[in-house]
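For chain A, the structure is supplied; the task is to place chain B with the ligands on it using the hints.
Residue-level listing of the chains:
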Amino acid sequence: MISIKELRKEFTVNDKKIVAVDNLTLDIEKGEIFGVIGYSGAGKSTFIRLLNGLEQPTSGEVFVNDKKFSHMKGESLRIARQKVSMIFQHFNLLWSRTVEENIEFPLEIAGVPKKERKQRVHHLIELVGLKGREKSYPSQLSGGQKQRVGIARALANEPDVLLGDEATSALDPETTDAILDLLVDINERLGITIVLITHEMHVIQKICHRVAVMEDGKIVETGKVLDVFQNPQETITKRFVSQLTGVEDTLPTLETIFQHYPNGSLIQLTFVGQTTEEPVLTELIRNFQVTASVVHGNMNQTKDGPYGTLIVHIDGETKQIHDALQYLQSIDVKAEVLNNGSTNNE
Amino acid sequence: MGQQTTNDKTSLTEQFFPNVDWVQMWEATYETIYMTALSTFFTFIIGLAIGLLLFLTAPYNMWANHIVHFLTGSIVNIFRSIPFIILIILLIPFTKFFFGSIRGANAALPALIIGAAPFYARMVLIGLREIDKGVIEAAKSMGAKTSTIIWKVLLPESSPAIFSGITVTSVTLVGYTAMAGVIGAGGLGHLAFLHGFQRNNPDVTLVATVIIVAIVFLLQWIGDTITAKVDKR
Ligand SMILES: Nc1ncnc2c1ncn2[C@@H]1O[C@H](COP(=O)(O)OP(=O)(O)OP(=O)(O)O)[C@@H](O)[C@H]1O
Ligand SMILES: [Mg+2]
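Heads up: the protein sequence lines correspond to chains A and B, in order. Okay, so the first sequence: first residue is 1 according to this note's numbering, each after it adds one. Okay, so the second sequence: first residue is 1 according to this note's numbering, each after it adds one.
These are computed hints drawn from the structure, not numbers from a lab. Each hint can be trusted.
Using 25 Å as the maximum straight-line C-alpha spacing, the simulated SDA-like pairs for lysine to any residue come out as follows: (1) B/Lys152 - A/His90; (2) A/Lys5 - A/Asn65; (3) B/Lys133 - A/Thr12.
It should be emphasised that the depicted structure is a prediction, and the values quoted were computed from it without experimental measurement.
Chain A on its own, in the form it takes in the complex (with noise of 0.2 Å):
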């Protein structure tokens, strides 16, 4: 669907030279919701405006339905730009035209007739949940149905692909979801393919089925969003994991736990799939003589399944919670022993 090989962008501020995109190399799939994250400067709103040619690569080149994209120029880019719409993180919609007017704006763009302009207008307000908003200004509405009018005049042209740049880094949590939900529904209803950037591993976690990591103009590590959770395998990319996770907060405080615990392990498990649903503490105080008491606990919803961490006490005798730890194991659960300032793998 979309192919980039070995994509390059430079800048050139005073004199000295900004490798904003660096040899990127890429395949996002059809029907695929795609996330791409990092923190900010890492090169993402750069890499996503070279896949609609908003910016010309130094070198490389970007293929979108075969057609490619980059040193595409003039009338032919134009039009090709009409499949591949973008959103944007302040919606930038137009303050002078009313909600259906600038849903409209891109149709007048593609010289679509006034008549099946207003039908398809029509249809997208009510795809996006804006009826009866049809009049009102953008001034008159709020982050979330401004995002709704920028998704709607997004899909006008009936798109292959969708871009989103931190397209909802301005909202609050709940209208994010509202939104991300909306666009998942988009995704399956119509099988446009999704690309978000963003810096807040929610956005992943909640609709992408996977997931590329930048930093410094470079993808550093991609894969299924379960996959990357579960093995994060670049320190950027744990740092994402435990964003979420909130194991990053917690760990200050690890050193008072340590304090409050001086016997036994602390242990950190990684739920993945479906033995979270399995009692697996229940299990192990059942089966083996040791006493588990949850010290922190997370649990998120990914594309494809559940995702979460545990920190556990456990105390008893060596034997026994060496048991136990191998109990863990067998049923798929990926356990840590954390030890006093560091983390160990069992």
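Relative to the frame of chain A, chain B with the ligands by itself:
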């Protein structure tokens, strides 16, 4: 009863404004309105065009062109800094060539437009610069042509600045017509100077002033109403 009031009024106006020739006064008013309307219209078109050109040729914009931007900007700045009365004098040969005379309302138009258009172009430019870059980028991402961006994004999105700017400019132009009147363009300024000041008829000056103030108030009111109507921010 109606007859009585009319008589009273006639006598009253005669009593307070003995030297005012009302036919002449309305004619002068018409000339002032004529000059203001026409010069405002042309200033609007030309100022808008120059403002757009300045905006589009600025660095990183759609027609980014350093030379055109610099030249246009310089011309605007030069004409903006010439005092209007000097501009009229400078334009006398030009006006003579085109109109055969420097007298009359039409002869004043070039000076009025050249005096006001650069001023208005600056205001348009300020309005265009205030447009959110993201909105222009959104239009580009939808595949909009530059002409579409101009007509459907730049102009509507800067409309409050465009209309409030032309309001201020038209008020300035009323003042300019009065100045042009002094050197023979006609209108209320001409009347006030020639018949009011030079012949020592303060009542003529007073009435001409009141009418000019009324025109300015009316223009401001129309301008404010339109600006408020288009501003949906
Ligand atoms: N038009 C430009 N001119 C010069 N440098 C640029 C330009 N656009 C981006 N950059 C530089 O490229 C790098 C990547 O920027 P980019 O906006 O792609 O990052 P980002 O990952 O989107 O960050 P954020 O999360 O803050 O939006 C930065 O160092 C930035 O300064
Ligand atoms: Mg960005």
